[in-house]
Amino acid sequence: MWTNDQLRAIEGHGGDLIVSAAAGSGKTAVLVERVIRRLTSRERPVDIDRFLLVTFTKAAAAEMRAKLSAAISARLEEDPLDARLRRQLLLVHHAKITTVDAFCKSLVREQAAVLGISPEFRIIDERETEILKREVLEDTLEALYEQAQPDFTALTGQLLSGQDDRRLANVILETFQKIQAHPDPEKWLRRAEGGGSAGSPAETQCGAVILDEAGEAVEYALAFLRLAVREMEGVEELETAYLPAFLDDIRQAETLLGRIGAADWDGAVEAVRAVSFTRLKGVRGFPDKDLLEGLKGMRQEWKDCAGRVSGKLLNVTAGEAAVDRALTAAALRGLADAVRAFTERFSAEKRRRNLADFNDLEHFAVRLLLEDGEPTELARALSARYEEIMVDEYQDTNAVQDAIFSALGRGNLFMVGDVKQSIYGFRLANPYLFLQKYQDAADEPVGEEPRRVVLSRNFRSRRQVLDSTNYLMKAVMRERVGDLEYTEQEMLYLGAEYPAPDDPRYKTEVLLLDTAWQDEDAPGNAEAEAAMAAARIGRLLKEKLPVTDRARGVVRPVQPSDIVILMRSPKKRAAAYRAALAAYGLAVQTEESEGLLQTAEVGVMVSLLAVIDNPRQDIDLIGVMRSPLFGFTEQELAEIRLCDKNVPFYDALCLAAEENLHAKAFLGRLAQLRDFACDQPVYRLLWQVYDETGALALYGALPNGAQRQKNLLSFFERARTYESQGFRGLFGFNRLLRGMLEAGEDFEAIKADADGGAVRLMSIHKSKGLEFPVVVLADCAKNFNEQELADPILVHSELGFGAKVRDLERGVQYPSLERQAIAARNRREAVSEELRILYVALTRAKEKLILTAASGQLDARLQKYGRLAALGRLPDYAMGAVRAPLAWLLAPLLRHPAAACLRERAQAVVPVDVDAPESFLVEILCLQQAVEEPGMTPAVEEAAAGPVVGFAPELRYPAAFLAEIPAKLTATGVKRTFKAEEAAEDTPPPKREAKLRRPFFEKRPLTPAECGTAHHLFLQFATYERLSDREGVVREIERLRGLKILSEEQADAVDPEKILGFFQSRLYREGFAAGAVRREFKFSVLVPAASYYKIAESVPDEEVLLQGVIDCLIETPEGFVVVDFKTDRVTKASVRARAEGYRGQLDAYRCAVEAVFEKPVVRQVLFFLEIGAEIEVE
39 MWTNDQLRAI
49 EGHGGDLIVS
59 AAAGSGKTAV
69 LVERVIRRLT
79 SRERPVDIDR
89 FLLVTFTKAA
99 AAEMRAKLSA
109 AISARLEEDP
119 LDARLRRQLL
129 LVHHAKITTV
139 DAFCKSLVRE
149 QAAVLGISPE
159 FRIIDERETE
169 ILKREVLEDT
179 LEALYEQAQP
189 DFTALTGQLL
199 SGQDDRRLAN
209 VILETFQKIQ
219 AHPDPEKWLR
229 RAEGGGSAGS
239 PAETQCGAVI
249 LDEAGEAVEY
259 ALAFLRLAVR
269 EMEGVEELET
279 AYLPAFLDDI
289 RQAETLLGRI
299 GAADWDGAVE
309 AVRAVSFTRL
319 KGVRGFPDKD
329 LLEGLKGMRQ
339 EWKDCAGRVS
349 GKLLNVTAGE
359 AAVDRALTAA
369 ALRGLADAVR
379 AFTERFSAEK
389 RRRNLADFND
399 LEHFAVRLLL
409 EDGEPTELAR
419 ALSARYEEIM
429 VDEYQDTNAV
439 QDAIFSALGR
449 GNLFMVGDVK
459 QSIYGFRLAN
469 PYLFLQKYQD
479 AADEPVGEEP
489 RRVVLSRNFR
499 SRRQVLDSTN
509 YLMKAVMRER
519 VGDLEYTEQE
529 MLYLGAEYPA
539 PDDPRYKTEV
549 LLLDTAWQDE
559 DAPGNAEAEA
569 AMAAARIGRL
579 LKEKLPVTDR
589 ARGVVRPVQP
599 SDIVILMRSP
609 KKRAAAYRAA
619 LAAYGLAVQT
629 EESEGLLQTA
639 EVGVMVSLLA
649 VIDNPRQDID
659 LIGVMRSPLF
669 GFTEQELAEI
679 RLCDKNVPFY
689 DALCLAAEEN
699 LHAKAFLGRL
709 AQLRDFACDQ
719 PVYRLLWQVY
729 DETGALALYG
739 ALPNGAQRQK
749 NLLSFFERAR
759 TYESQGFRGL
769 FGFNRLLRGM
779 LEAGEDFEAI
789 KADADGGAVR
799 LMSIHKSKGL
809 EFPVVVLADC
819 AKNFNEQELA
829 DPILVHSELG
839 FGAKVRDLER
849 GVQYPSLERQ
859 AIAARNRREA
869 VSEELRILYV
879 ALTRAKEKLI
889 LTAASGQLDA
899 RLQKYGRLAA
909 LGRLPDYAMG
919 AVRAPLAWLL
929 APLLRHPAAA
939 CLRERAQAVV
949 PVDVDAPESF
959 LVEILCLQQA
969 VEEPGMTPAV
979 EEAAAGPVVG
989 FAPELRYPAA
999 FLAEIPAKLT
1009 ATGVKRTFKA
1019 EEAAEDTPPP
1029 KREAKLRRPF
1039 FEKRPLTPAE
1049 CGTAHHLFLQ
1059 FATYERLSDR
1069 EGVVREIERL
1079 RGLKILSEEQ
1089 ADAVDPEKIL
1099 GFFQSRLYRE
1109 GFAAGAVRRE
1119 FKFSVLVPAA
1129 SYYKIAESVP
1139 DEEVLLQGVI
1149 DCLIETPEGF
1159 VVVDFKTDRV
1169 TKASVRARAE
1179 GYRGQLDAYR
1189 CAVEAVFEKP
1199 VVRQVLFFLE
1209 IGAEIEVE
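In case it helps, our numbering puts the sequence shown at residues 39 to 1216.
Hints are computed from structural coordinates only; laboratory data are not their basis.
For each residue, glycine too, the CB sits at the ideal point set by N, CA and C.
Hints should not be assumed to be uniformly reliable.
[Claimed, not checked] Listed next, with one range per pair, are the computed distances between beta-carbon atoms:
| # | residue 1 | residue 2 | range |
| --- | --- | --- | --- |
| 1 | 638 | 607 | 18 to 24 angstroms |
| 2 | 1045 | 268 | 25 to 31 angstroms |
| 3 | 497 | 804 | 49 to 55 angstroms |
[Unchecked claim] Derived EDC-like pairs: lysine to aspartate or glutamate, alpha-carbon spacing no greater than 20 angstroms straight-line:
| # | residue 1 | residue 2 |
| --- | --- | --- |
| 4 | 334 | 241 |
| 5 | 225 | 440 |
| 6 | 350 | 824 |
| 7 | 216 | 168 |
| 8 | 341 | 331 |
| 9 | 350 | 1149 |
| 10 | 512 | 535 |
| 11 | 512 | 871 |
| 12 | 475 | 523 |
| 13 | 902 | 168 |
| 14 | 327 | 254 |
| 15 | 319 | 292 |
| 16 | 388 | 158 |
| 17 | 475 | 43 |
| 18 | 702 | 651 |
| 19 | 341 | 274 |
| 20 | 350 | 277 |
| 21 | 341 | 824 |
| 22 | 341 | 254 |
| 23 | 1096 | 1063 |
| 24 | 216 | 826 |
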């Protein structure tokens, strides 16, 4: 039953034991078995209350207690008379199975007198903590401004922009928060404000980081230069024209690398400043253009690296760095002093209110357990209570928690973790603590030295999932990227048994959506990728992919609830995926949702509470009146405003109430609520509002009513919690809500119960610890969030502060050496965590893994990574410099036998890995290839069927599903989901929220879509008879510019050659002369809904309005010719396939024309302006 490694973890004794438990390796079962065996040991039995078991969530602690109880009960069934086991079953409910926070809270309450605090303190959550911080910080800043110390003045000069001090406040708060992960924050501040050494930067930690980064960059570039020289060998033309420049580059790179290796700081700076690039000579008539481009690309890598080293790393001498440190020293001292002042006031305020937050609990525990780095008498006494201290998820601890466990341990720590799954850096988790313990331990220790055990057998996933994960991680995860070399010891090994183990349907699919060639009316990348993912899920359900239901012991067809879509951050993508899946009749259960205050129904309640407190708030007042609660129409609101346009809206409302009965009734109810609020707690006021307005019934009758009701009830509970925490009054509650909204904070919305028939959509972080039969890992092309690297002052746990240098005499600001070093280290650590997040996502899949990405720069990415793949081992520097997870997929896959389509687009000679596992299917698709015609398939209907959960309406409409079908459809929307983003054609998409584009205050080039619009505008309004030659086209462009039909930018974007190509084509010369031409022919016709939505097939009489605009419609004696202009970027090789993708749109045009004129369409022609080609679609 147990593997050898699991037995070593279960039975190992004598010193600390570090267990590196890979994903799906059964670590919980091992931990439970270890405890059970200690409880039932014949030689040395231990009671369960002699164990301290620490987890990081209450749910995990409850689950651990339940599993231990179940395991003891199972043993008791084998021997019901065992008195010892019966005792353990009683003790298990009192055993110390707890979270870190709960352990610290219990300890602090017991020792409150030692700490000088009251044991009756109340724990405040993160939200209340943030509100209190802001209040205290405001007082702190006022005091600091009044004192006007020189260091604080220097800090304000560094950070204030002249508008407000928000940036200063944020820096103080962020610095305070980050140092809470240090056992002694004051000690950290003293070290950080001291700055660096006055000697050579190479002797400092920051300098060492810079040299390390620079050396890695130069080594990376040298590898390319040497590869280029090898490729030129024996090619006489290149050896003459290119080789001398490349050899000179190599000489300079080696010189620079030598000085970096010797830690010669000023010498390295001098060397990089002296780098120059010899111009390449021309090679006319050379037949292999791809080779030339490849060589230039390799040299560009050297240029880019040299530019980064000279511009961002080795850009100051030792003397210049010392001057910069002097310029920032006062500001950094001021920051340290400001953080101290805030810490003191914040602690005092919490003591005054008898409050404590979770950071307090941990730091109090450190004070109780450690003194001068050594365990206190109390720590030794506590340690003696426990035979063993077991800590789960140790990779997610911080330095404070590690200090607590170290103080309690005496060679009896059992630590379980996995560095590869450390993904909580934003919570200040420090994976390097566990990693250091893991590296210091030995597989076969001597005496009581720490021992390590690696659990690498995976009992969760199919072989294809494991092979795919191993292939990708082995190629990209290493010590510098991911913080751990992915060796054979770290690889995942098959431990689960599944039927049909070699079935090709379970291969990992990599679906890459190329959006570079999309038409200007195509949806955005997010919507397009959502459509592709939805189509693939629809096919999975239609194909009835078999999945193993272990709970029931059967193999059954996959159901929607078996499928999860994982993303790094799904919040902004959820709507697109919900719409795309809805087109296939699939519901979505989202773990990520908008906050409670952002929901429409709770937003109305927030506004109503504000109005009850103070009705002279126009926006809130109008919002409440317009809501379903009171039902004022826009006309009524306008009439009220016209009563007096110069007074607040409330005063105008009072004037209107003299004649307007609706207004009078509203004011009467408002007055009653205001009177009620005078002496009642907020939660009772809120319930009174619900009762008088019928809010729960009103919002329950709206779409998604069950969720809306849950949100309102949750808001009521938040109000009751507010009162129970010692706060009182409507004003204070409104102030809390206002502060949360200003700080971008919110209550978490409670999701309505799912019916089990929905596809789940969640963040990768939320999926940690879970498993799913089918995982769709989406949005792989999304760039990492690097906003923190732009913070005014950077903070690192080891390197201290990094500020920008503000030289007032020269009027310049630039990053200091320390800031550059911290930025480099912070980014490296962030990228390593992103790779670990990818690992976690890959290992959630049990049976099927699908990876998707949409990119408009796919060819450029493939060409770049093709050069990397040609080097052999993927360079650490390149893998650490990536901006999106897609790089970690493309670079390894370029060598995989199944990725021929990638190598073809990469335009590079990449060696194929013949030993690669046969676990991948790789495809590059355009949107038309990726998306099926939406519509509920029988398999989907069967899988999605389930009991109705929630509030059932009294009336049931037999065709309620038609609510998901729009009344209007555009021709360009055909063959895409009806909620996809639609462009042009003057018809707005159904139910689409308006999105405001951020204004541009500087000129920018037009996007490809905007250039396409410019060409369409020209062809719509130009006088065709004037366009027989290039000069005529140019004159016509200028005419339309003068008439303001084309803007300046649009006129400049119109390409006369492309326009002339059409007017010199056979289509124009012959086709347009064959009959009357209608330009921009707009149509609106009713068509059967079932023609476009399979879900409507059961209602044949249902119709939708089809609208569109045909670029040109030519009427001939035989019938009509439909001509549509396209500005897609296509080639002669791809134009036919691209044209086929517009068949649905042209068919819609044909149906409309024949319905309007009762005359046939004899030809359907697309003209691609990019290459001047006409394509007839039959």
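Quick rundown of the hints versus the structure:
Separation of residue 638 from residue 607 is about 23 angstroms and conforms to the stated range, judged on CB atoms against 18 to 24 angstroms. Residue 1045 and residue 268 have their C-beta atoms about 41 angstroms apart, which leaves the hinted 25 to 31 angstroms range violated. Between residue 497 and residue 804 the beta carbon distance is about 22 angstroms. The supplied range of 49 to 55 angstroms is therefore violated. Distance hint between residue 334 and residue 241 is unfulfilled; the C-alpha atoms sit about 37 angstroms from each other, more than 20 angstroms.
Taken as a hint, the residue 225 and residue 440 pair is honoured in the structure, with Cα atoms around 17 angstroms apart against an allowance of 20 angstroms. Distance restraint check for residue 350 and residue 824: the Cα-Cα separation of roughly 16 angstroms lies within the 20 angstroms cut-off, and the hinted pair is therefore satisfied. Note on residue 216 and residue 168: the hinted pairing holds, with a Cα-Cα distance of about 14 angstroms set against a maximum of 20 angstroms. The suggested pairing of residue 341 with residue 331 holds, with an alpha-carbon distance near 15 angstroms, which does not exceed 20 angstroms.
Proposed proximity of residue 350 and residue 1149 is contradicted: the alpha carbons are some 52 angstroms apart, above 20 angstroms. For the suggested pair residue 512 and residue 535, the alpha carbons sit about 24 angstroms apart, so the restraint of at most 20 angstroms is broken. At most 20 angstroms may separate the alpha-carbon atoms for a hinted pair to count; residue 512 and residue 871 meet this at roughly 16 angstroms. Pair hint residue 475 plus residue 523 holds up; C-alpha atoms about 16 angstroms apart against a cutoff of 20 angstroms.
Of the supplied pair hints, the one linking residue 902 and residue 168 is violated, its CA atoms being roughly 45 angstroms apart against a limit of 20 angstroms. The hinted pair formed by residue 327 and residue 254 fails the criterion: a straight-line CA distance of about 31 angstroms is larger than 20 angstroms. Between residue 319 and residue 292 the CA atoms are separated by roughly 23 angstroms; this puts the pair beyond 20 angstroms, and the hint is violated. Our distance criterion of 20 angstroms between C-alpha atoms is met by residue 388 and residue 158, whose separation comes to about 13 angstroms.
With a C-alpha separation of about 18 angstroms, the suggested pair residue 475 and residue 43 falls inside the 20 angstroms cut-off, and the hint holds. With a CA separation close to 19 angstroms, the supplied pair residue 702 and residue 651 stays within the 20 angstroms bound. A C-alpha spacing of about 25 angstroms is found between residue 341 and residue 274, which places the hinted pair above 20 angstroms, so the restraint is violated. The straight-line distance between the Cα atoms of residue 350 and residue 277 is roughly 33 angstroms, outside the 20 angstroms bound, and the hint therefore fails.
For the proposed pair residue 341 and residue 824, the alpha carbon gap of about 24 angstroms is over 20 angstroms, so the pair is violated. Pair hint residue 341 plus residue 254 holds up; C-alpha atoms about 14 angstroms apart against a cutoff of 20 angstroms. The suggested pairing of residue 1096 with residue 1063 holds, with an alpha-carbon distance near 17 angstroms, which does not exceed 20 angstroms. For the given pair, residue 216 sits about 13 angstroms from residue 826 by alpha-carbon distance, which is consistent with the 20 angstroms threshold.
Going through the hint list in order, the structure does not satisfy hints 2, 3, 4, 9, 10, 13, 14, 15, 19, 20 and 21.
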